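Once you've looked at the hints, dock chain W against the given chain H.
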Amino acid sequence: MASPGSLGGGAVSTRGGGGAGARRLKWALELSLGSSRGRGDRQSNQGDALYPIGYSDKPVPDTSVQETDRNLVEKRCWDVALGPLKQIPMNLFIMYMSGNTISIFPIMMVCMMAWRPIQALMSVSATFKLLESSSQQWLQGLVYFIGNLLGLALAVYKCQSMGLLPTHSSDWLAFIEPPQRMEIMGGGMVL
Amino acid sequence: MATFVTCLSFFSVLLHFSAAVFEDQVGKFDWRQQYVGKVRFAYFDTQTQASKKLLLATENNVIASLNSRNGEIFWRQVDKAGPEGHIDTLLVHGQDAIMVTGNGRLLRSWETNIGGLNWEAVLDTGSFTSAGFVGLQDSVKYVAVLKKGAISLHYLSNGHQKWVENLPDSETVQYQAVYSGGSGEVFVLGVVPQSHLVVIAYNIEDGEIMKQRSVDAPWLSGLQPVCGVVSSGILMCVDSSTASLYTLPLDTEDREDMSQILLQSLDLAVAPDFQPVITSTQPNPARDPLPVFFLQLSPDHHILLQLQDGIISSLRDFQPASLASFATTGEKTVAAVMTPKNNTACSINLYSADSGRRLLDTSVTFPQDPTGGPPERLYVQAFLKKDDSVGYRVLVQTVDHALTFIQQPGRVMWCREEALAEVVNMEMVDLPLTGTQAELEGEFGKKADGLLGMVLKRLSSQFILLQAWLAQLWKLFYDARKPRSLVRNEVTIETLARDEFNLQKMMVMVTASGKLFGIDSRSGAVLWKHYLQNVQPNAAFKLMVQRTTAHFPHPPQCTLLIKDKESGLSTLHVFNPIFGRKSHITPPVLGRPILQSLLLPLMDQDYAKVLLLIDDHYKVTAFPSTKNVLQQLQEMASSIYFYLVDASHGRLSGFRLRKDLSTELIWEVVMSAEVQRIMEVKGKRANEHVHSQGRVMGDRSVLYKYLNPNLLAVVTESTDLHQERSFVGIFLIDGVTGRIIHEAVQRKARGPVHFVHSENWVVYEYWNTKARRNEFSVLELFEGTEQYNSTAFSSLDRPHPPHVLQQSYIFPSPISTMEATLTEKGITSRHLLVGLPSGAILSLPKMFLDPRRPEVPSEHSREENLIPYAPEMPIRSEWFVNYNQSVSRVRGIYTAPSGLESTCLVVAYGLDIYQTRVYPSKQFDVLKDDYDYVLISSVLFGLVFATMITKRLAQVKLLNRAWR
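Protein chains in written order, with the numbering used here: chain H, 1 to 191; chain W, 1 to 964.
Extracted from the complex, chain W is given alone in its bound form:
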């Protein structure tokens, strides 16, 4: 009976938390955007003229097919992240896309129409260098994969290996390229740097070495990108030191040297410090390459050259020309060249590859986005028009990872911001009030006008409100007459305004490429973007909101701290998060590398929070640094502390600010870097509110929470990864005093550890190497039944250590990331949002992670609604907040409070971006969507009428009775 009761109470709790969406709510509050990442290989489907497919392979290990008409994804296959799934090369032939992944580990063939895997072959070990199609008698049947020590030939139809041969002298010779011209031989080109070139010809049928020779080339250090095969198997190389072109016929027996042609004889010269590039084209792998090739001599100088009968002639000189590319349709090959026109546009023109003549009416203008970067690569889709002339579309990839697809004559068909596949940091900023709201706010802001002025102002603002209301009514009326499909509320920066519950916010996203985005959280529309030039690929970013929108008329202000990892130099980018514009405020010049920053709750007279930047000499720079701020800082200096964590030395150090903005070291904790490595340190979120200061026990006493705002959770992992000796450590350290409040070591455990630190608890997840499972562990800190000081919390005056409770649970899945929900006042119960590798986002009630869950339920525990302890943590499919909208490779989850206490805004980012709202305690402050207004109001009106009628009847009856 007792077990039955516990089960019943348990399931009633479960029922309480089932918060899945209804079918008609799909896509109402949430949206998902799918990305592929920075493109490395792109091919157009040239099978048919009307084909819409565009095949991409990206740096994020994604192979995808896009619709070239609208940029939407047809299909997408996401491989493992990291080097294991790295796409080495992508080759497309007809319906097959051949891909080598994982540094030559796997050879895969994809069906390009639906994205299905045709076949997969495991390759022999060895690092991958090159791959190419091998054709015979005008048909392509094989694919050759060149590795460091071997070459193998595979059938294109099923991936079976035809033969594999070891390469001679692979220790000394670097084999770098494979070439086949459809003649029955596969040529492998190898280089001994600064010495000679090795050419080996293999027979396609049995892999026998047909020819092998080495040619002196003391100037050659590598084949890519200075060499290419042109014409009938002639290797063409360019060397900048000797300023000459070298040619070598591959298919001869003669032991001749490479013939040298001085660039000077062609009236050409290489720009100093520039590595010249040769771009050749082989439209059909079963035939010889074309005799024309591009030679790039400087960043904006391309020449189209032709090799005819051993003589090189220049077909056309393009200067300035930033990008050049070949494209083939049918039997025609064209060259597309991009030339900068002015600061805001580039023009692309098409030239005949045979003659170098410019084709008429083929000019396309590429509007260069002032908020984007310069173009990086050009992919051309050429097609034959009805009158046999060549038409084309171009895909331009810019350095900010954006893809722009342009059709003749210069119409941008679509643009994809692939930088959003690598969001590193984000913040949500409240939208500004509308003009009228701001007007009202402004009225209460100033009080110096006197009575009459105030009244007039009040009247005028009320009049403006009335006007706005009437305009809205009129618009409603006007829109009602239009068909529904035409009525669309386009979100633009001008129409942005805060809604009444502050549910719509501006998402400011920082991406690894250095491009910033402002995205409307309701629709997912990119409202502004800004590309920061000169940001290194591995730079560290820290985004801070210095001024929110609450201080009208001061504009909101965000500051991005960018630190270049290599040079150590830091810059500040100050901008308006609503419009994305760079602020006119000049940030301080940072001469020294910045170690960390600290945003103080202190404000200057313009309501901007003060940002402190700590440099490597532990000196502090304040921004803004007006007199007022410096004075305030002097007053508060003794209560400002900061901590720095140096993971490489395993050192945590705490500093205190002095009045002269220098610092003094006050504590230091060293965790031996040989034994354990500090993985992550997390404090509490600054905007977190805790409503309840304690927990009510079963006997109605209070267990007060230990809410130390200065508490840091430090997670370490052992350097020894042996499964018997590895461990995970978690330390709770007071950031002001350096006191270790608690330490827990999880033996036989391994990272990666994901953890959340909030309120008075820390939840972390690790891999248990002994039991081979993922486990959750929760630590909760309590002060006890008495509060030491209920009015102020000072870390310096805390004589009693807190009580620490801990409990662990088995979790049936590995996790990718974890975050806790956040609400305005902290009254709503908390949930943990767990990103799973499957792409699901799980909203796990914190109630299940409660160290006070009793093993044997008692009267008190039932009174407290504690769920009896069960080692297994359930995953219920109703808890998936993103139902079937999987978020690929979720890397982070961001939560932000909304104006409604029940509602928390959630953004999950990884390869995809997903935004939704969660209601951890259900929507207790909002009427339901399906609330029956008609029924309720009709009942109300009915009752009012009924009372009126009965009142009348009662009066009549009373009168009648009185007459008796």
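Same shape as in the complex, but just chain H:
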């Protein structure tokens, strides 16, 4: 904290520290831990002097859990859970627009459509952690999971309609070995 360049650093911070808001202070001392979290490290050094120790110019939030907050969390969790499902109409529209021809853009779309659910399913544990605070955690998780599966199914359907899935016998034609010849035959016109 007590770096040798604290004075010079102060000059830098006033010019470059646009993130610190509209404060035009030469230096400041700040003691409150909570509000300093949002600021840069160097600024925290300078705010201390102007205000008394322990003073914060922001009102201290009311940290007591209220009923409205709980609803908000619930809502937020549902947003997360329903996210993949909400994307499906959008995906359907993109699918319709891109058509079934095999060219670079439809392929890119299909790849994106397939990759996003896969990525989401891979990081499903992280999402579950997000939903931990919700009371309907399991339901939300299930919805989230199903939404992603639906997205994946949509991508697979798109692949299928584009003919990218090896579902026909013609896709395996190149691997058929020529049948073995059981008889040897030869001859020709009488010389």
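Hints were generated in silico from the structure; no laboratory data involved. From a predicted model like this one, the values you see are computed outputs, not experimental measurements. One or more of the hints may lead you astray.
Okay, the calculated beta carbon distance ranges per label pair [claimed, not checked]:
1. W/A946 with H/S135: 53 to 63 Å
2. W/G698 with H/P178: 22 to 32 Å
3. W/F924 with H/G163: 22 to 32 Å
4. W/Y607 with H/L164: 43 to 53 Å
5. W/I827 with H/M108: 47 to 57 Å
6. W/S937 with H/M108: 27 to 37 Å
7. H/Y96 with W/A946: 40 to 50 Å
8. H/L164 with W/A946: 31 to 41 Å
9. W/F924 with H/M108: 36 to 46 Å
10. W/G698 with H/M108: 21 to 31 Å
11. H/P178 with W/R651: 27 to 37 Å
12. H/L164 with W/A673: 53 to 63 Å
13. H/L164 with W/L452: 25 to 35 Å
14. W/D720 with H/P178: 37 to 47 Å
With a cut-off of at most 20 Å between alpha-carbon atoms, the simulated SDA-like pairs for lysine to any residue come out as follows [to be verified]:
15. W/K748 with W/P812
16. W/K825 with W/N687
17. W/K705 with H/D171
18. W/K619 with H/G188
From the three backbone atoms N, C-alpha and C, an ideal C-beta is built for every residue, glycine too.
Relative to the frame of chain H, chain W by itself:
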């Protein structure tokens, strides 16, 4: 709009297949060799001393002029093949070459300098017997053509007929010769065999008969070659039965008999069973012949005789002397005589025709090629040197149709292998690996050495490779200092080695004369030749590759089956296709005539494929026939079948091999020979690979191909050639069971039918007599959407007949021959190579010959890339693989796969030989010729440097930011 789209898709397909060569690629991958055929008449241009022209007329109906300095063709005129264009005679006078063709149908005069036609006259009907120049007062103005019943005289300048006269008693008298000595009369000599000789003298001016008489000659059966006119119009004949010479002055009124001179009185005797020959010479048709002539009494005995004042005297006796010939330069006439020196050389000497004295310093040695045949004819070009002595060059024709031109003192200036004008059969054989490659191969071959030995061997072979590489580098460096013209990679047998893509191969060619050739496919150089003695002119040949070069250290082995048509006897010639040497393996002695042969995929312990030979008692001989082979044959006998086609009886029969190498007849199909004649039967090529077992349809299901390896395509033509009733039949017959899989009859069609049978399709071409056009027809066989048995194909277990699709197209040209391209794995799309009579070789995509081409294009057909059906088949000039290098009278096309999947090697042979490479699906596996290595590598290096620099810059920037 729809039509526009179809047109667009159609043309995009066309664009895809345009595969013409670029200008700078001309002659890079292809070469052409032009031939004239077996020489029948040869004349040297005697106009000027320095003339280089040599005029030839050949059995292949070709008249050509060669450069006598290097043997190259100045010009060549190719007439129709067959008897229609047959050259009856060739006479040369000054700048004009007079030719009678088509058994006296046409009289033509050619300009000998550039080969242009001076004039052409149509002659009256009647079979041709003889022709000769007619001179008057020292100038030659007319040409007389003698036919069976008439004689006509034509102006030499424009071919107009001066007069034509019917010959008296032409039913009984065979008129055989015409003679004129510049005296104002034309003598016609006729013979009534074993009775008398008729001499008629015609007036040159009006064709009036001046004299006519007949002389008793009961010993005479024909004028050629026992008679000749010598001296001042005296007919000289030789008879072996009475062993005497007969003379008769033509230009007298007396009814005297021929005067007889016994050969005994000249101390001469005719060899038993030999027809003596008289060779006389008449240097100028407007003057009398010379009084000297050659008399040949046995194959190696010639005598130079002189007739002076009615007395015959012998000037010189030549024994042994195989060939003798006269030559004239200026006023001097010389006789050239070839005498065998030893087994490998003959010597030719020049003698004065007046005295028979040997001229000094005129001996020339003709090196007789041990791989060639004995000399057959001698043509001499004599010229006067500065000191007035006579010099000469000789053209020697050997029985293997080769022409050798020799200059004094015995220097061979050039040699032409005219046997190559009649290639009947060919194969392409891979070249052997180089010594180092073989060393490496050998290392993997044996495994008994133990670990240390293997390592040492590996090291030694790597060392050899390094050595070879260094030597190559050194050679490169050394050559770079020499001027470019001197650096030429001479191809010799010793330096032959397989290239990395196996694009260079050995072409083994069998010619009708019985001479075999080994030709390097890259340069066209003849690397070896071998003349088979005692091969009859109409013998049938079958060439088979028994062992390829893949089995080092065993040498490759080819077997040629030769069958003499008359005696029916067959012989086998076993040889090494790379060096042309006869193999030390003794082929089996074939006592009975061989009907057919069959090369089995079975190998003996020396990796030679087993050849089965079927004789006329349907017994089978195996070659090689070691114990191992016989044991293998016994095991496999029940699955070996063969078929024989007897075209004369219209019979196809199938046989099965028994364990004791006898056979049993299992099926027979008879096509009545009165109604239709079997023209040709083709199976599939043994080395053909089919990569895809089916075709993908528009709805992405599979239509499986009917790939029956035992399928035979039989083409018949009706014996009735009336245009309403003639037909062409095509039968697809299973060669194992004899089941007729499909038959199609093309009514109102006529041959000759050319066809290709490959994969699951047959393409044939015929003449439609109703619409008067050439048509292509394609048959394709499919199993359907289900495969009956995907692991094994047995003809005996095929319950479902295939689906057959057919479509026909109009082709705007007649064709000479047809073949399909062939590649290593069969992945590349197929093209048909069509030889046209114009000499072009057309590479026609098989895609155009597809019976599934829809009349109305649909979504599915577009998905499949099917071209909408159009009845006319286009010929696009980019499809000509030989651009302007026409191949005259192409008779056959041979295709061989190379080591590159995209590339197919093609050899077209006929009168000419043309070799090239085709890329049916373009060169997808090779970087293009004009690939910009410099640009690509500089971009690559630039990018690498750029990444290194930017990486450094990024590091510096990161560090700077960290310091803030």
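Checking against the hints above, which ones are violated? 5, 9, 13
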